[in-house]
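Engineer: Hey, can you work out the whole structure from these sequences and the hints?
Just so it is clear: in the sequence shown, position 116 is 117 by this note's numbering, and no numbers are missing.
Worth flagging that the hints you see were computed from the coordinates, not collected in a lab.
Take the hints with a grain of salt, since some may be wrong.
What the hints assert, rightly or not - Quick list of simulated restraints, FRET-style, between CB atoms:
no., residue 1, residue 2, range
1, 19, 171, 32 to 38 Å
2, 8, 233, 29 to 35 Å
3, 137, 9, 30 to 36 Å
The beta-carbon is built from N, C-alpha and C at its ideal position, and this holds for glycine as well.
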Amino acid sequence: MQEFDFALAPLLMICGFFLMYLVEELVHIYLRRRERRSGQSSPLVRNLSVRRSQVSVDGKGEKSVNNSTADLIDPNSIRLPKDVEVNNHNHAGHGHSHLPINEVDGVNSAIRGLLVVLALSIHELFEGLAVGLESSTAHVWYMLGAVAAHKLVIAFCISVELVAIRTKTWLTVVYIVVYAIVSPLGIAIGIILVGGEGATAAGVYSVVLQGLASGTLLYVIFFEIWSNDREGIIQYIAAVVGFGLMFGLQLLTGHSHSHSHGGSDTGDHGHSHDDHGHSHDR
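Structural biologist: As structure tokens, then:
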């Protein structure tokens, strides 16, 4: 394999980190556009994405958290789409309203929820790859335990939110099945690529996949650290540009350091010859 002037493993990890970052930002961009068009937000999207909850300060200096659980049960906080018309009728001294059922909104809500589950499933796919690419039994069990513990928490959160928003049973089954099969799928892909010989012996492509999988785990670890400072795709671009600048500086400084190190070796070699000649004069 060709030797580089920089560490390849950290570079692959950062690529996996930014890959997961980009996928999540693209999903949120799509969801925000759909919400602006329909004038209605999805409770599943609001509550599964913890980092999108914002703390605001009102005029009295009190803090309030947007997108709280109370929004799900407060009828006054529910915003209807613009194309929904409310018809009020009075019958025998009592009134009631007729809300037309918009099947298109139901489909859009289902698609939004599925996109969120798919975004989480991409994390689990690469985590499964990390398990399948391991060569030793001890490492496989260690990674399996870590991935299973992480997936248990996420699956519990998804299940609670699906129950809270009263998702249809068949739709809940689809969400859970999609989320459940991605990790075994990633493990199977890793086993096929490695073949029990380890990532290094299996080839360059498996080494790259293992580096990307490690980067996705790194993203999950530092997920909450970036949660309060995320500003969407603009900050993603700024982070990528900053990383590119630092990586370029590392290449330049590393190249110049190698040249200076080579010059010092030559000087030391000449000095040793002088010492050798001096000993012969004696």
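Engineer: Run through the hints listed earlier and report the numbers of any the structure violates, in increasing order.
Structural biologist: Those not satisfied come down to hint 3.
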